[in-house]
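Colleague: Sequence:
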Amino acid sequence: MNISSFQSVIEDKSKEMINRRILVDVLKQQHQHLPFNEKVNENIQLLLNDNTYTVTTAHQLNILTGPLYIIYKIISTINLAKHINEKYSTIKVVPIFWMATEDHDFIEINHINLCEKKIVWNVETDKEGPVGRMNTSNSIQNTIEEIKSVIGNSENGLRLISTIEDAYLKSTSLAEATRYLLHHLFHDQGLILLDADNHDLKQNFSKIILQDILTRQSIYYVNKSNQQMKGHYRTQAKSSEINFFYLLDNYRVRIVTDGDKFKTFDNKYTFTKEQLKEEIELYPERFSPNVIMRPLYQELLLPNLAYVGGPGELAYWLQLRLLFDFYNVNFPMLVLRNCLLIINEKNFEFIDKSNISISNLFLPIDELIRKFVIQNSNGQINLKEEADLMEQSFKQILDKTVRIDSTLEDQIQTEKYKILATLKTLERKLLKSQTKIFETEIEQLKKIKEELFPSGDLQERYENFIKHYLYKGNHFIFDLINIMTPLSKTFTIISYKRH
Numbered sequence: 001m002n003i004s005s006f007q008s009v010i011e012d013k014s015k016e017m018i019n020r021r022i023l024v025d026v027l028k029q030q031h032q033h034l035p036f037n038e039k040v041n042e043n044i045q046l047l048l049n050d051n052t053y054t055v056t057t058a059h060q061l062n063i064l065t066g067p068l069y070i071i072y073k074i075i076s077t078i079n080l081a082k083h084i085n086e087k088y089s090t091i092k093v094v095p096i097f098w099m100a101t102e103d104h105d106f107i108e109i110n111h112i113n114l115c116e117k118k119i120v121w122n123v124e125t126d127k128e129g130p131v132g133r134m135n136t137s138n139s140i141q142n143t144i145e146e147i148k149s150v151i152g153n154s155e156n157g158l159r160l161i162s163t164i165e166d167a168y169l170k171s172t173s174l175a176e177a178t179r180y181l182l183h184h185l186f187h188d189q190g191l192i193l194l195d196a197d198n199h200d201l202k203q204n205f206s207k208i209i210l211q212d213i214l215t216r217q218s219i220y221y222v223n224k225s226n227q228q229m230k231g232h233y234r235t236q237a238k239s240s241e242i243n244f245f246y247l248l249d250n251y252r253v254r255i256v257t258d259g260d261k262f263k264t265f266d267n268k269y270t271f272t273k274e275q276l277k278e279e280i281e282l283y284p285e286r287f288s289p290n291v292i293m294r295p296l297y298q299e300l301l302l303p304n305l306a307y308v309g310g311p312g313e314l315a316y317w318l319q320l321r322l323l324f325d326f327y328n329v330n331f332p333m334l335v336l337r338n339c340l341l342i343i344n345e346k347n348f349e350f351i352d353k354s355n356i357s358i359s360n361l362f363l364p365i366d367e368l369i370r371k372f373v374i375q376n377s378n379g380q381i382n383l384k385e386e387a388d389l390m391e392q393s394f395k396q397i398l399d400k401t402v403r404i405d406s407t408l409e410d411q412i413q414t415e416k417y418k419i420l421a422t423l424k425t426l427e428r429k430l431l432k433s434q435t436k437i438f439e440t441e442i443e444q445l446k447k448i449k450e451e452l453f454p455s456g457d458l459q460e461r462y463e464n465f466i467k468h469y470l471y472k473g474n475h476f477i478f479d480l481i482n483i484m485t486p487l488s489k490t491f492t493i494i495s496y497k498r499h
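The sequence shown: position 92 = 92 (the UniProt record's numbering), numbered continuously.
It is possible that part of the hints are untrue.
[Unchecked claim] DMTMM-like, lysine to aspartate or glutamate: derived pairs with alpha carbons at most 20 Å apart:
#1 K87 to D197
#2 K273 to D258
#3 K207 to E116
#4 K446 to E367
#5 K384 to E367
#6 K449 to D325
#7 K416 to D405
#8 K117 to E450
#9 K447 to E349
#10 K449 to D12
#11 K224 to D200
#12 K277 to D200
#13 K207 to D249
If you're looking for bench data, these hints aren't it; they were derived computationally from the structure.
I would like the entire structure built from these sequences, with the hints used as guidance.
Modeller: Here's what the structure looks like:
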């Protein structure tokens, strides 16, 4: 994929009828109380123009932004918008973060991993409803106090805590708090933050809501796509017969059929066909799309050119292509987000002095230690050269012997394997001996490995951005924006100095 690939996407999207006025009105209302919002307001206003488009990423409302890769998704989206603007001078592209406020999986979003400690937001009230509507001001204080105790009193830490308190203690909902925090981090980049849990926006989607529930066509087209993709991609999302939840403040339960009626899975609410039509017409905001229908909702609302996501996300989007065709909605360009590994200055210096290849850091720890010891033993414990010479000698012996007596070939091969096995055993003993000599360095290497791949996972899927913000302050975000290259498929490894 290259930037020229967007030409056809732009042409296709320009033919769609997007209700830009409603979109802009909702966005203005959602951003009206945010500070420093000149650049964002400018981008929102631009959406009234037919030649303005969006690039979008989406995620759940993880507290304090969750793991690092969510920050990477947002920056990848911002940079892609800039890149398209540089290439296509006749259009304007603005970045959007779609806040998945309707999601109800509280356990997935209620914690962060910070400085080797898991910090959890515990809530005693009902957690079955949409997380975006949950109140933060009266329940997250203890969580913030725990964060304070971990990050200390540095200038960057105190500044960030002030922002966190403004976001979470002065907001009425998690959606509002998340918008405030992300706006603080990215307002100068013009990032628009969209909460689609909204009556006016859902009205635009109401015809598809009704059609999908009544005809249940989605499962057919998703399954057909799955068959076409079989052998190429692993199925990431499973379509239900009905792909909508019934949504109230503390309630999000999927809708199922009940003979010629419809009901929530817990039997709490039941609708006839006519009652369902009336409910959708009057209260479309009570119908929440699942993972299958949410992308369609997004693309129907936005003049969107591209969706930026991780490998798993993009795979489930591919399952939806035929569904988009059925509803006559243009399918966006799918763009892989940037992937990063951050190594602090101290660890990078150790790695550099230890003659360790950066790529070796991705090896299992035992293999990494083995390579480290071999690399730093000046080749004294690597008997590969001797083994190769032994192989050559036995080949010569075998060539001479079989000319005289071919029946001795098996015996010669057996002796060769015995000697080579002995060399391997000797090499392992030498490695073990040298490992003891490097005991201090190996412990340091283990710590670095765990820091970069906590619990065996990628750093970006585990660690929160706060740890790095403490070192660099706002420079952390600015530097990432400058480092990340849009449309790149490489895995980037960076090191930084403390600011």
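Colleague: Is the hinted pair K416 and D405 satisfied, with a Cα-Cα distance of at most 20 Å?
Modeller: 17 Å, holds
Colleague: Would the hint linking K87 and D197 be met if the CA-CA limit is 20 Å?
Modeller: Violated, at roughly 34 Å.
Colleague: Quickly compare the C-alpha distance for K384 and E367 to 20 Å and report which way the hint goes.
Modeller: Given that 20 Å is the threshold and the Cα spacing comes to 17 Å, the pair holds.
Colleague: Quick one, are K277 and D200 close enough, alpha carbons at most 20 Å?
Modeller: 17 Å, holds
Colleague: Taking 20 Å as the top limit, are the C-alpha atoms of K449 and D12 close enough?
Modeller: 47 Å, violated
Colleague: Compare the distance between the alpha carbons of K224 and D200 with 20 Å, and conclude whether the hinted pair is satisfied.
Modeller: 32 Å, violated
Colleague: Is the hinted pair K447 and E349 satisfied, with a Cα-Cα distance of at most 20 Å?
Modeller: 14 Å, holds
Colleague: Are K207 and E116 close enough, with their CA atoms no more than 20 Å apart?
Modeller: 48 Å, violated
Colleague: Between K207 and D249, is the straight-line Cα distance small enough, at 20 Å or below?
Modeller: 23 Å, violated
Colleague: Would the pair K446 and E367 pass a check requiring their Cα atoms to be no farther apart than 20 Å?
Modeller: 12 Å, holds
Colleague: Starting from K117, check that the Cα of E450 is at most 20 Å away, please.
Modeller: 13 Å, holds
Colleague: Check the hint pairing K449 with D325 against an upper bound of 20 Å on the C-alpha distance.
Modeller: 46 Å, violated
Comparing the model with each earlier hint shows violations of hints 1, 3, 6, 10, 11 and 13; every other hint is respected.
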